[in-house]
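Using the sequences and the hints given, assemble the complete structure.
Chains A and B, in that order, are what the protein sequence lines are. Going by my numbering, 567 is the number at position 567 of the first sequence; the sequence numbering is gapless. Going by my numbering, 174 is the number at position 174 of the second sequence; the sequence numbering is gapless.
FYI, nobody ran anything at the bench for these hints, they're computed from the structure. The beta-carbon is built from N, C-alpha and C at its ideal position, and this holds for glycine as well. Hints may be right or wrong, so weigh each one.
[Stated by the list, open to error] Chain B stretches covered by chain A per the calculated footprint, using a threshold of three residues with CB under 8 Å from any CB of chain A:
| no. | segment |
| --- | --- |
| 1 | 34-40 |
| 2 | 354-367 |
| 3 | 453-465 |
[Said to hold, decoys possible] Here are the in silico distance ranges between beta carbons for each label pair:
| no. | chain 1 | residue 1 | chain 2 | residue 2 | range |
| --- | --- | --- | --- | --- | --- |
| 4 | B | 61 | A | 83 | 46 to 56 Å |
| 5 | B | 54 | A | 229 | 16 to 26 Å |
| 6 | A | 453 | B | 144 | 31 to 41 Å |
| 7 | A | 456 | B | 184 | 39 to 49 Å |
| 8 | B | 62 | A | 235 | 28 to 38 Å |
| 9 | B | 500 | A | 63 | 50 to 60 Å |
| 10 | B | 61 | A | 146 | 26 to 36 Å |
| 11 | B | 267 | A | 333 | 49 to 59 Å |
| 12 | B | 177 | A | 333 | 19 to 29 Å |
| 13 | A | 456 | B | 372 | 33 to 43 Å |
| 14 | B | 62 | A | 471 | 40 to 50 Å |
| 15 | A | 63 | B | 359 | 19 to 29 Å |
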Amino acid sequence: MKIRRIGAGLAVLAAGTLVLSACSNKPAASPTTSAAATGGTVTVAETNSFSSFNPNTSNGNTDINSKVISYPTRSWFNYTDGSSFAAGNPKVIKDTSFGTYKVDSEDPLVVTYTVNDGVKWSDGEPVDANDLVFSWAVDSGHYNSKDGKVTYFDYAGDTGTLGLTSFPKIGDDGRSITLTYSKPAADWEIALSAEEPAHIVAKNSGLADAKALTDLLKSLADSAPTATAADPKLEAVATFWNTGYDSTTLPSNPDLYVSSGPYIVSNVVENQSVTLVPNKAYVGDNKPKLDSIIMRTIPDSTAAVQALKNGEVDVISPQADADTLTALKAVSNATLHQGDQLAYDHVDLTFNNGGPFDAKTYGGDEAKALKVRQAFLKTIPRQAILDAIVTPLKSDAAVLNSQLFVPAQAAYTDSAKANGSDKYPAEPDVAGAKALLAEAGVTSPTVRILYNIKNPNRVNAYTLIAKSATDAGFTVVDNGDAAWGKRLGDGSYDASIFGWINPGIGVSGVPQIFSSTGGGNYNGYSNPKVDALTSQLIVTLDPAKQVDIEKQIDPFPFADAYGLPLFQSVGIDAVSDRVAGIDVYNPNQAGVWWNVWQWSVKG
Amino acid sequence: MFSYVMRRLGVSLLVLLGASFLVYMLVAVSGDPLAEFRESTKANKDQLIAQRVELLHLDVPAPVRYFIWLGGAVKCVIPGQCDLGSTLAGQPVTTALSTAIPSTLQLVTGATLIAIVVGVAVGIVTALRQYSALDYTVTFVAFLFFSLPVFWVAVLLKEFGAIRFNDFLAHPVISGTAIAAVGVVSALVWPLLLGGSWRRRGITALVAGAVGAGVLYYLGVSEWFLYPGLGPVLVALTGAGIAIGITALLAGLQNRQALYASLTTVVLALIAMYALAPLLEQATLWLIVLLGLAAIGAGVLAGYLFGGYDRRQSMKAAGLTSFLVAGLVLLDRFMQSWPAYVVATRGRPIATIGSQTPNLNGDFWTSGLDFFTHLVLPTTALVLISVASYTRYSRASMLEVMGQDYVRTARAKGLSERVVVTRHAFRNALIPLATVVAFDIGQLLGGAVITENVFSFKGMGALFVTGLTRQDPNPVMGTFLIVGITAVTFNLLADLAYSALDPRVRVKA
Numbered sequence: 001m002k003i004r005r006i007g008a009g010l011a012v013l014a015a016g017t018l019v020l021s022a023c024s025n026k027p028a029a030s031p032t033t034s035a036a037a038t039g040g041t042v043t044v045a046e047t048n049s050f051s052s053f054n055p056n057t058s059n060g061n062t063d064i065n066s067k068v069i070s071y072p073t074r075s076w077f078n079y080t081d082g083s084s085f086a087a088g089n090p091k092v093i094k095d096t097s098f099g100t101y102k103v104d105s106e107d108p109l110v111v112t113y114t115v116n117d118g119v120k121w122s123d124g125e126p127v128d129a130n131d132l133v134f135s136w137a138v139d140s141g142h143y144n145s146k147d148g149k150v151t152y153f154d155y156a157g158d159t160g161t162l163g164l165t166s167f168p169k170i171g172d173d174g175r176s177i178t179l180t181y182s183k184p185a186a187d188w189e190i191a192l193s194a195e196e197p198a199h200i201v202a203k204n205s206g207l208a209d210a211k212a213l214t215d216l217l218k219s220l221a222d223s224a225p226t227a228t229a230a231d232p233k234l235e236a237v238a239t240f241w242n243t244g245y246d247s248t249t250l251p252s253n254p255d256l257y258v259s260s261g262p263y264i265v266s267n268v269v270e271n272q273s274v275t276l277v278p279n280k281a282y283v284g285d286n287k288p289k290l291d292s293i294i295m296r297t298i299p300d301s302t303a304a305v306q307a308l309k310n311g312e313v314d315v316i317s318p319q320a321d322a323d324t325l326t327a328l329k330a331v332s333n334a335t336l337h338q339g340d341q342l343a344y345d346h347v348d349l350t351f352n353n354g355g356p357f358d359a360k361t362y363g364g365d366e367a368k369a370l371k372v373r374q375a376f377l378k379t380i381p382r383q384a385i386l387d388a389i390v391t392p393l394k395s396d397a398a399v400l401n402s403q404l405f406v407p408a409q410a411a412y413t414d415s416a417k418a419n420g421s422d423k424y425p426a427e428p429d430v431a432g433a434k435a436l437l438a439e440a441g442v443t444s445p446t447v448r449i450l451y452n453i454k455n456p457n458r459v460n461a462y463t464l465i466a467k468s469a470t471d472a473g474f475t476v477v478d479n480g481d482a483a484w485g486k487r488l489g490d491g492s493y494d495a496s497i498f499g500w501i502n503p504g505i506g507v508s509g510v511p512q513i514f515s516s517t518g519g520g521n522y523n524g525y526s527n528p529k530v531d532a533l534t535s536q537l538i539v540t541l542d543p544a545k546q547v548d549i550e551k552q553i554d555p556f557p558f559a560d561a562y563g564l565p566l567f568q569s570v571g572i573d574a575v576s577d578r579v580a581g582i583d584v585y586n587p588n589q590a591g592v593w594w595n596v597w598q599w600s601v602k603g
Numbered sequence: 001m002f003s004y005v006m007r008r009l010g011v012s013l014l015v016l017l018g019a020s021f022l023v024y025m026l027v028a029v030s031g032d033p034l035a036e037f038r039e040s041t042k043a044n045k046d047q048l049i050a051q052r053v054e055l056l057h058l059d060v061p062a063p064v065r066y067f068i069w070l071g072g073a074v075k076c077v078i079p080g081q082c083d084l085g086s087t088l089a090g091q092p093v094t095t096a097l098s099t100a101i102p103s104t105l106q107l108v109t110g111a112t113l114i115a116i117v118v119g120v121a122v123g124i125v126t127a128l129r130q131y132s133a134l135d136y137t138v139t140f141v142a143f144l145f146f147s148l149p150v151f152w153v154a155v156l157l158k159e160f161g162a163i164r165f166n167d168f169l170a171h172p173v174i175s176g177t178a179i180a181a182v183g184v185v186s187a188l189v190w191p192l193l194l195g196g197s198w199r200r201r202g203i204t205a206l207v208a209g210a211v212g213a214g215v216l217y218y219l220g221v222s223e224w225f226l227y228p229g230l231g232p233v234l235v236a237l238t239g240a241g242i243a244i245g246i247t248a249l250l251a252g253l254q255n256r257q258a259l260y261a262s263l264t265t266v267v268l269a270l271i272a273m274y275a276l277a278p279l280l281e282q283a284t285l286w287l288i289v290l291l292g293l294a295a296i297g298a299g300v301l302a303g304y305l306f307g308g309y310d311r312r313q314s315m316k317a318a319g320l321t322s323f324l325v326a327g328l329v330l331l332d333r334f335m336q337s338w339p340a341y342v343v344a345t346r347g348r349p350i351a352t353i354g355s356q357t358p359n360l361n362g363d364f365w366t367s368g369l370d371f372f373t374h375l376v377l378p379t380t381a382l383v384l385i386s387v388a389s390y391t392r393y394s395r396a397s398m399l400e401v402m403g404q405d406y407v408r409t410a411r412a413k414g415l416s417e418r419v420v421v422t423r424h425a426f427r428n429a430l431i432p433l434a435t436v437v438a439f440d441i442g443q444l445l446g447g448a449v450i451t452e453n454v455f456s457f458k459g460m461g462a463l464f465v466t467g468l469t470r471q472d473p474n475p476v477m478g479t480f481l482i483v484g485i486t487a488v489t490f491n492l493l494a495d496l497a498y499s500a501l502d503p504r505v506r507v508k509a
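Structural data, given as structure tokens:
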């Protein structure tokens, strides 16, 4: 196939130089810079794809739906201050431009919520008591029958707190409701949250208007807890609320994305992006500063870092690992924020499985079991685990010394000093452990350790613990399991290594773990004093007193050799230098979105 | 024949059933669907777990769950009754599939076609120049790319093809080092391609090096990368080159009618370039397709009118030339929209993720460029790693054919080498490739799991992987079903095509 002739080839190449003189499209005059300066666009990379305009159902309750819907498109009485975690004082901020709430009485607890006059949804309808009543109906779980035969709203949040209230009293101005609690509830301030607009839900489920929905709710309020059959009208409402908002594209029905917040959804590209633009009807203080916000879905951390570097996205919150961190540090045009996540890893010992840590094994000799537990905990090399897992990501990381507080909270320092955690120093005390075992008269007890074999951090922690415990005379059995979650609480292991995720604000998580009957109490820990304190905690309204009670609880897990906290995980986000308004890492579910109205583009 | 097809289909159905059961079981044992709730300290944890258990029927053992799924899936044979379940987010799997399939096809089709064309062409050329420096170089490079992991290739492509290139566009000054490097590469590559005596190679290297460096220098000073274009002169010259090349391949240069017909189409394209300019301002995809067909028609007509002793050859050559030159005109028009597109993307046109810039709202040309800038990196990555197998298959196949008796006979009876290669050898060398290509087309729908992930494409691969990591069996089964059915179908088609192409193979009934 000697088709090409060398001469021809060279001729073409040579001709090329002459030809190129005519091939650039460069315009004679450079185009004039058009358009006045505008607010600009910020693009945020997120891991998951948008799937529902209702982030409060169990279907729609993914982080991304609440980031895109709750923060930019819902105004509410208060919101969690995402910068307060780094400042050491997690708290909520009140938005008085939306409305106010006040405690009328502490015993019984009575709270009145009032929406300001003139607050509107983006379709022009006012935000009023009907919306508050509907929010209450969903958040309280009031309409689900007690025996579970009838369930309406498939609500993903906690109904425990508002479940203590009865149907609210509606104020004469039509913009306020009053809730009366049957007993004090510690987390009352965060219990009622923004739901979908009542007039939209009413319209799309066959009711005349929001008033009709409120009337329907009122008429069923007394009978619902004991009902045996579902009311067809309320069922239509619930069905619309449960599934009507699920959409991976921009719905043809504009009702579904009505907004009361500073921004409103304007475009959704399935599985790829969501665009938010300013809500023209918004009258509150949190005024939008941008022309648009684009959320783009990028599951891969490396891809997100490179997209940031390429200017395609301005904000990323990837999984923190050493490689991503190295790559991010090399990005010159972005600022990296590092902080502690609300998740922390811990070791728990099992109290009720007839194993080495159970008093029953020693004929009910609690003192003997305690010594064995203490001996095991003393062998845990917490500093070495921290150095292997967290220090590469955060050079000033420290071992966690409290089961109830994290260093981000002001009370941590005091509590960690006084809670007895100093009995278990970060460096293992093998000699001390041997002495305790000898005192207890137990030789080489067998300890089965459960952990997630798929998580390299847990495998690391296990390896270090196993070595140290073996040195002290324990016989360690590796019970690493990919399906570790299914085994929690089944008694087939003596120690477990896993993580808790603290909700950040509120105290209802504490009894979950430490009370004898808590849903997260997998290890059979039971201490009547702790039970009494936790039940007191959840009915305490004053935040300062809540902290006091938590401080009283904190020493018990250490004294009882419950287990040990290990470390807090590290979280990161990175923000392009052209964006202003994102200054610190926010560990709660909202991520960077908590102050979306403060974002702006520099220059 | 009919009973053979029926038997194959029956067996395929059983295979699909067995495989789907196996996949369902594997998904079920691969993890804990409730893992996300286990570490939660939420007060309503038990309620959330109960909701998930009910949604996924976790209260019944996995084999029974499979039959619940199968019960919905078999209804798919009735139109409109298909029930493949829902994802955890509540979206029906059929809807998820209907958006994932186009996305995957968008990503993989172009890459597969390019890989086939390039791979076969390179394979044939290396077979004809067996054991030459070109052959060894191509083999080495092909295997080098074949053995690279795609996520790593993707990271490199993004760094140099997108990030650095966009940085360069902000300050489009080409350094002396870059000019020298391109000159050296050009001086190494051209002699390899053109071959010849050592003296000739030396001259080629010198000229090619100088021209390569010169062209790059010129592109730099004329800011061609910011304001690219071909212009009528380059279209005319490249078009003439194409006309000569195509005629030489399809008809032989001694067929003057074919050559003149092809050259005529180049002139026609140049006229159209100016005549159609106003129409192209309001272009739509259909208009472009129509114009493409018109170009082929005009070429065929030109070939017919020039006539000659073999009209069909002229028509073929002129039609193909016309189509390719029309492509050049199209390219030039796209290049004219490039400056506007660069402004629309804040000066960073080449994208590293996704399939489109959100809210671009451009005309046909801008959105076309957007489509291209998003696909160029993933397509390159896929082509680099998949081209190797095609070059190997076609090289081996071509070498085997070239050693056959009938090729020797064709040479002995005085046919030109061009006719021997294109008519006798090349066509027969393609037969075994039919099987490989059919398999690969069958796998198109499976998506490219890793590529989709690193380039944030939401196709079948992403649907599968997300389902697997979230312990969401329905989308995993949905993708499996589609991929399984296409694989089985295309395997059957490959076998049938083989017997149709090669008379020595017969399907036994």
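Hints versus structure:
1. 34-40: holds (count 5)
2. 354-367: Satisfied; 5 residues make the cut.
3. 453-465: holds (count 6)
4. 61(B) to 83(A): 46 to 56 Å: Between residue 61(B) and residue 83(A), where Cβ atoms are some 49 Å apart, the hint holds.
5. 54(B) to 229(A): 16 to 26 Å: Holds: the Cβ-Cβ distance is about 20 Å, inside 16 to 26 Å.
6. 453(A) to 144(B): 31 to 41 Å: For residue 453(A) and residue 144(B) the Cβ distance comes to about 36 Å; the hint holds.
7. 456(A) to 184(B): 39 to 49 Å: holds (45 Å)
8. 62(B) to 235(A): 28 to 38 Å: This hint holds: roughly 32 Å between Cβ atoms.
9. 500(B) to 63(A): 50 to 60 Å: Holds, at about 54 Å.
10. 61(B) to 146(A): 26 to 36 Å: Taking Cβ atoms as reference, residue 61(B) and residue 146(A) lie about 31 Å apart, which means the hint holds.
11. 267(B) to 333(A): 49 to 59 Å: holds (50 Å)
12. 177(B) to 333(A): 19 to 29 Å: holds (25 Å)
13. 456(A) to 372(B): 33 to 43 Å: holds (40 Å)
14. 62(B) to 471(A): 40 to 50 Å: Between residue 62(B) and residue 471(A), where Cβ atoms are some 42 Å apart, the hint holds.
15. 63(A) to 359(B): 19 to 29 Å: holds (23 Å)
When the structure is compared with the earlier hints, no violation turns up for any of them.
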